[in-house]
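What follows is each chain in one-letter form.
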Amino acid sequence: MRESTFDFSTTLGSAWFPAPVFTASGCASSGRELSQFFPLDSIGAVVTKSVMLKERLGRPTPRMAETPSGMLNSIGLQGPGIDAFLAKDVPWLVENNARVIVSIAGETVDEYGVLARRLRSVPGISAVEVNISCPNVDNRGLVFACDPESAKAVVDSVRRTLAGDLPIIVKLSPDVTNIAAIAKIVVDAGADALALINTLLGMVINTETMFPHLGGKTGGLSGPAIRPVAVRAIYQVHEALPTVPILGMGGVRTGRDAFEMILAGASGVSVGTASFGNPSAVIQVQNELETLLMSKGFNSVREAIGFAHRPAPGPSST
Amino acid sequence: MGQYHQLLINVGEVVRHCKPGNFVAISVGGENSSLILRRAFAISRVSDRGEYGGTMELIVAPHGSGSRWLCAQEVGNSLDIIAPLGTPFGIPTAPVQALLVGGGYGSAPLFGLAEVLKSRGCRVDMILGASTVAKIYAPIEGKRSVNSLKIFTEDGSTGQMGKVTDLIPGLIADGQVDVIYSCGPMGMLSAISRITQGTDVVHQCAVEEAMACGVGICMTCVLPVRKEDGTISMLRSCIDGPVMDGALVAWELVGKNGMTP
Numbered sequence: 005m006r007e008s009t010f011d012f013s014t015t016l017g018s019a020w021f022p023a024p025v026f027t028a029s030g031c032a033s034s035g036r037e038l039s040q041f042f043p044l045d046s047i048g049a050v051v052t053k054s055v056m057l058k059e060r061l062g063r064p065t066p067r068m069a070e071t072p073s074g075m076l077n078s079i080g081l082q083g084p085g086i087d088a089f090l091a092k093d094v095p096w097l098v099e100n101n102a103r104v105i106v107s108i109a110g111e112t113v114d115e116y117g118v119l120a121r122r123l124r125s126v127p128g129i130s131a132v133e134v135n136i137s138c139p140n141v142d143n144r145g146l147v148f149a150c151d152p153e154s155a156k157a158v159v160d161s162v163r164r165t166l167a168g169d170l171p172i173i174v175k176l177s178p179d180v181t182n183i184a185a186i187a188k189i190v191v192d193a194g195a196d197a198l199a200l201i202n203t204l205l206g207m208v209i210n211t212e213t214m215f216p217h218l219g220g221k222t223g224g225l226s227g228p229a230i231r232p233v234a235v236r237a238i239y240q241v242h243e244a245l246p247t248v249p250i251l252g253m254g255g256v257r258t259g260r261d262a263f264e265m266i267l268a269g270a271s272g273v274s275v276g277t278a279s280f281g282n283p284s285a286v287i288q289v290q291n292e293l294e295t296l297l298m299s300k301g302f303n304s305v306r307e308a309i310g311f312a313h314r315p316a317p318g319p320s321s322t
Numbered sequence: 351m352g353q354y355h356q357l358l359i360n361v362g363e364v365v366r367h368c369k370p371g372n373f374v375a376i377s378v379g380g381e382n383s384s385l386i387l388r389r390a391f392a393i394s395r396v397s398d399r400g401e402y403g404g405t406m407e408l409i410v411a412p413h414g415s416g417s418r419w420l421c422a423q424e425v426g427n428s429l430d431i432i433a434p435l436g437t438p439f440g441i442p443t444a445p446v447q448a449l450l451v452g453g454g455y456g457s458a459p460l461f462g463l464a465e466v467l468k469s470r471g472c473r474v475d476m477i478l479g480a481s482t483v484a485k486i487y488a489p490i491e492g493k494r495s496v497n498s499l500k501i502f503t504e505d506g507s508t509g510q511m512g513k514v515t516d517l518i519p520g521l522i523a524d525g526q527v528d529v530i531y532s533c534g535p536m537g538m539l540s541a542i543s544r545i546t547q548g549t550d551v552v553h554q555c556a557v558e559e560a561m562a563c564g565v566g567i568c569m570t571c572v573l574p575v576r577k578e579d580g581t582i583s584m585l586r587s588c589i590d591g592p593v594m595d596g597a598l599v600a601w602e603l604v605g606k607n608g609m610t611p
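So the protein lines, in turn, are chains D and V.
In short: position in the first sequence from 1, add 4, done, that's our numbering.
In short: position in the second sequence from 1, add 350, done, that's our numbering.
For reference, chain D alone in the conformation it holds in the complex:
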């Protein structure tokens, strides 16, 4: 009888989702391609590929290298620009009853503000993901997410435009010394939720040509290889900020992996690179997670969030 009362829904800030499994930004394009493999309205939400102000061609090929239990990608945020994205991609997702989290990326603090303004009155968007793992053109190309001042400035700029309209989810980079400290800064600046983690910066050198393999030289490492890093980051941030919802991601490919992130403190879980090898991965992870949560005796997703932080049972007293 538990099935009928089991609550699989979750929330990220003020946004409610019927299920806690999402696509990961940059791993589902704008959703259309994956809809051949499962109905998009059956998952928590589609998190779209980070969109910028203008059309962007991205980096030269080769753009990927497979690594042990992972891969490097170096796409360079290829995309149609916000105008074409809002004209074509979002309406299509809304027509297909998908819940939509729009991911935005900018080259300057102002660009993030402009992008946020463009989203404010668009119907059908559940939340905004702010991808701050981009180089800040105004600050020697230093990545926003790795510089507390820039990270704060971006969130300030987005919050001033969006506060109250749409939940703001800020996606953090694991390439920092103290991720909980950065998390606290962006939450103080107005983030409603956090997305953890983005890819880790890596490189592969081709030993035949003896040059870096990727056209962009460096790339983002993703896949099961980075899952323990993601679990650690989620655990640390949840410990420091237990009331802030976390969208967990990084190498999830089974329901067990998603469950692990929820135990660490995630309110929802995104499936990214796993979709490349298995286009049905998102729905499979979601189904496995639901079964697993119920088999462990949880009545809701909420009950399991951060469960790994509960006090350990001490030695029984005599």
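By construction, these hints were calculated from the structure, which means they are not laboratory data.
It is possible that some hints are incorrect.
[Claimed, not checked] Here chain V is said to cover these stretches of chain D; the calculated rule only asks that three of the stretch's residues, wherever they fall, bring their Cβ under 8 Å from a Cβ of chain V:
id, region
1, 23-34
2, 280-293
[As the list claims (entries may be wrong)] Calculated Cβ distances over 10 Å to all of chain D for the following chain V residues:
id, residue
3, GLU363
4, THR405
5, ALA422
6, GLY440
7, THR482
8, ASP524
9, ASP528
10, ILE545
11, GLU559
12, PRO574
13, ALA597
This one's a predicted model, so the numbers in the text were calculated from it and none came from an experiment.
Where is the CB? At the ideal position from N, CA and C, for every residue including glycine.
Given the structure of chain D, go ahead and fit chain V onto it with the hints provided.
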């Protein structure tokens, strides 16, 4: 078969949807493998008349750990396969003079294409090339589906010494070619595009770019392609290709920095 393995896969009804130029994406390494991405292979030929129903043939060069795993599979093993994928070769509605050009095992999908073109009344000439004889893929039964077959190797170990592109300008000048269908390394495809530039010959090429997903979501397999207004789009070779119009690919920009839309 030379340096290549021939794989026959029973895929049932799927063969009805497979066209020359389509490809498949196969999981490799087994359940606990550290190889997380599928491997893409061009479909060489399909048959719906086998003992076990529909079968598809792939030609695989066991160079990497994934393709070696695939070639080591025993008869009867099951594979996790997504098929068919990609945009296939365009087939002319009226008979034309078709020249099929293959480099290395890039010739694999050309034999299935040759059968289709022949059945449409086309004249089909084929030129295959590789660095050396062991890298030529030319099955005996495939030769029946073409009107002529010429082979080039760079070391002269079989056929003529030279490159596939040596012969093409002359054939075009003689008016013996309406459409070129090509499949092979990017250098060969771009060389053919240079030859057809300024002629009336249509060049349909099946490109080869490293891809992670094969279904259009990863954006790794892109190629710079000219739009009508002359600006560049980065198109996915998995969805907008692998067969592309060679005249529209901006070959000089492949793998180059500093592109603007």
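### Task
Quick one: work out the minimum CB distance from V:THR482 to chain D and report holds if it exceeds 10 Å, violated otherwise.
holds, 18 Å
### Message
The output says V:ILE545 does not contact chain D. Does that hold with a beta carbon cutoff of 10 Å?
### Response
holds, 23 Å
### Query
V:ASP528: least C-beta distance to chain D exceeds 10 Å?
For V:ASP528, whose nearest Cβ neighbour in chain D is about 31 Å away, the distance exceeds 10 Å, so it holds.
### Task
Compute the least Cβ-Cβ separation between V:PRO574 and chain D, then decide whether it is above 10 Å.
violated, 7 Å
### Query
Are there at least three residues in the region 23-34 of chain D whose beta carbon sits under 8 Å from a beta carbon of chain V?
holds (count 4)
### Message
Beyond 10 Å on every Cβ pair: is that true for V:THR405 relative to chain D?
### Response
holds, 24 Å
### Task
Taking the shortest Cβ-to-Cβ distance between V:ALA422 and chain D, state whether it exceeds 10 Å.
holds, 19 Å
### Task
Determine whether the non-interface label on V:GLY440 survives the test: each CB of chain D must be over 10 Å from its CB.
For V:GLY440, whose nearest Cβ neighbour in chain D is about 22 Å away, the distance exceeds 10 Å, so it holds.
#### Entry: Residues of the region 280-293 of chain D with Cβ under 8 Å from chain V, three needed, outcome
holds (count 4)
### Message
Just want to verify: V:ASP524 was marked as not at the interface with chain D; is every Cβ pair farther apart than 10 Å?
### Response
holds, 36 Å
### Query
Closest CB-CB distance from V:GLU559 to chain D, is it above 10 Å?
Label violated. Min Cβ-Cβ 6 Å, cutoff 10 Å.
#### Entry: Check on V:GLU363 being off the interface with chain D, judged by Cβ distance over 10 Å
Per Cβ check, V:GLU363 is outside 10 Å of chain D; nearest 17 Å; holds.
Of the numbered hints stated above, those contradicted by the structure are hints 11 and 12, listed in ascending order.
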